[in-house]
Amino acid sequence: MRTIVLRSVGVAAIVATAATVWLGLWVTPPDQVQGTLVRLLYLHPPIAWVALYLAFGLSALASLLYLWRRTRSLFWDRLAAASVEVGVVFNALTLVSGSLWGRPTWGVWWTWTARLTSTALLLVLFVGYLALRRVPADPEVRAKRCAVAALVAFVDVPIVHFSVDWWQTLHQKASVLNATLSPTIHGSMAWTLLLGFVALTLVFVWMVTVRYDVEVMRDRIGNQELEVSLAERRAEGSTGAVNTPESSSDGIASGEAGSAEPPVGGPGHSTPVRLAAPEPTGGGR
Amino acid sequence: MWRDALLIAGKDLRIEARSRVALWQVLPFSLLVLILSAFALGPGPSTLHDAAPGLFWLAVLFSTVLATQRSFAIESGEGTRDGLRLSGVDPAGVFLGKTAAVAVQLALLQVALWAGITLFFGVRLHVIWLAVVASLLATVGLAAAGVIYGALSAGLRVRETLLPLLVLPVLAPVLLSGSEVWSAALFGHAAAGESWLRILAPFAVVYVVVGIVLYGPLQEAG
Amino acid sequence: MKYVDAGYVICLSVLFVYSVSLWWRRRRLARAVATSDVSSERGRDREREG
Numbered sequence: 001m002r003t004i005v006l007r008s009v010g011v012a013a014i015v016a017t018a019a020t021v022w023l024g025l026w027v028t029p030p031d032q033v034q035g036t037l038v039r040l041l042y043l044h045p046p047i048a049w050v051a052l053y054l055a056f057g058l059s060a061l062a063s064l065l066y067l068w069r070r071t072r073s074l075f076w077d078r079l080a081a082a083s084v085e086v087g088v089v090f091n092a093l094t095l096v097s098g099s100l101w102g103r104p105t106w107g108v109w110w111t112w113t114a115r116l117t118s119t120a121l122l123l124v125l126f127v128g129y130l131a132l133r134r135v136p137a138d139p140e141v142r143a144k145r146c147a148v149a150a151l152v153a154f155v156d157v158p159i160v161h162f163s164v165d166w167w168q169t170l171h172q173k174a175s176v177l178n179a180t181l182s183p184t185i186h187g188s189m190a191w192t193l194l195l196g197f198v199a200l201t202l203v204f205v206w207m208v209t210v211r212y213d214v215e216v217m218r219d220r221i222g223n224q225e226l227e228v229s230l231a232e233r234r235a236e237g238s239t240g241a242v243n244t245p246e247s248s249s250d251g252i253a254s255g256e257a258g259s260a261e262p263p264v265g266g267p268g269h270s271t272p273v274r275l276a277a278p279e280p281t282g283g284g285r
Numbered sequence: 001m002w003r004d005a006l007l008i009a010g011k012d013l014r015i016e017a018r019s020r021v022a023l024w025q026v027l028p029f030s031l032l033v034l035i036l037s038a039f040a041l042g043p044g045p046s047t048l049h050d051a052a053p054g055l056f057w058l059a060v061l062f063s064t065v066l067a068t069q070r071s072f073a074i075e076s077g078e079g080t081r082d083g084l085r086l087s088g089v090d091p092a093g094v095f096l097g098k099t100a101a102v103a104v105q106l107a108l109l110q111v112a113l114w115a116g117i118t119l120f121f122g123v124r125l126h127v128i129w130l131a132v133v134a135s136l137l138a139t140v141g142l143a144a145a146g147v148i149y150g151a152l153s154a155g156l157r158v159r160e161t162l163l164p165l166l167v168l169p170v171l172a173p174v175l176l177s178g179s180e181v182w183s184a185a186l187f188g189h190a191a192a193g194e195s196w197l198r199i200l201a202p203f204a205v206v207y208v209v210v211g212i213v214l215y216g217p218l219q220e221a222g
Numbered sequence: 001m002k003y004v005d006a007g008y009v010i011c012l013s014v015l016f017v018y019s020v021s022l023w024w025r026r027r028r029l030a031r032a033v034a035t036s037d038v039s040s041e042r043g044r045d046r047e048r049e050g
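Protein chains in written order, with my numbering: chain A, 1 to 285; chain B, 1 to 222; chain C, 1 to 50.
If we strip away everything but chain A, and leave its shape as in the complex, we get (with noise of 0.2 Å):
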């Protein structure tokens, strides 16, 4: 059932989409004030709502229920991951077709006003979560502090783009041209924006599903392997060689301590000292 309904979600997602690239792209007419460059607008968008409204509400809202006790549950906790990774993918995508439109309207490919330097700096934040996210712990623990991650990014934000709205104020600089869809919108172009969002919004729906599953494995496939190695272990009987489970600790300073290789999500996966280089060499240059 739940596959059936996944499908459907992607094909009417590369159907809405390839109807706005269609519609975006040839039928709609050219802007009197912009020329073709509105095109862009049909796209850019959809893209920034789906990454800061979407992707990051969901994770933030996903994180403030994981670590709320009453709907605590892995569940949240993964989906919220799955939703920072879209999320920063989006991200990234709004600041690239942003500067893409900036460019032949204002000149230059950026400017620190408010809401790119906090658009920016949100894509920061979430690559952090990422990362913090990619250091081996137990799962639990790495909830809670991904989840508190989480908000503080998303807390963030608004701070900053208040922030820096009063800098920009403060500091008068050359004005930013403030180009907006020319005021008589074509009835196709408002049509079209509206099927961008809708397309966009069912590609983040079928993509935070696939990226949750994926989550779900990948800490599934860490529980299997860590219980594989323990029966082995424990059927092994007394050979005696107990590896001391390497420390997870976060931060570079202390990284993948000793070991050659990450270990893969569970707790206490013990790995051998061992380099990667095979046999000494007896000190041949």
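Don't read these hints as lab results, they were simulated from the structure.
Computed from a predicted model, the values in this text were never measured in an experiment.
Wrong hints could be hidden among the right ones.
Looking from chain B toward chain A, a few residues come up when the C-beta cut is under 10 Å (computed) [to be verified]:
1) 24
2) 28
3) 42
Here a beta-carbon is modelled for each residue, glycine too, at the ideal position from N, C-alpha and C.
Could you slot chains B and C onto chain A? The hints should help.
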């Protein structure tokens, strides 16, 4: 020595390829430094444009500290460093290998940072060869000096705070010359830049040689 | 106009490549889960015998 160097460099880079710490932590950090510079200096495009070369090298320097710390953190597990020493690998080879691995990471980082300053600060590289040569020389020097000091502080518990304090003053000449050369390369006056290369080159040579000579005793001390 | 074309190409190809990578990751993991199930079964059997 060279074969050992290749071995160690391969090991370090392979660890990085699997754990991707430099990619997920050091790279975002360096771009973050650029973004924060904009917060510090204000949004005015001309200020940022003029400060771009200095900010680029500042970001590179801070990233060198991180990359170096990481280079030694991967061996901080119990027995790893002893294992390395006892395996009979030539210490000079270890030094060269580790330096090479860090240098590769720094070089790739600089490419990303160059894209960053082009995008964020609106600068354009006019004298490409000058910038590339300067970066290559500087990278070797930064990596070599970093690895020496990294080894020095490796065993210590205060290494996170000690390493930056020790190594950053040493790297100051690279910051200065690098900024000057890149300023020349970005704003078009090549001749002024070339003379600064004369600082970057000896810096690199000196620290590589020092490393080759001193790494053995350094390892023993750690 | 080249900016518009670049924009569409970049956005669509990134979305496409990412979707494919997600689909492929899920497939690879699903297979790994299947074989992992088998080996953990075996491990538990061995443990019972051992």
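Checked hints:
no., hint, in the structure
1, 24, "holds (4 Å)"
2, 28, "holds (5 Å)"
3, 42, "holds (5 Å)"
The structure meets every hint from the earlier list without exception.
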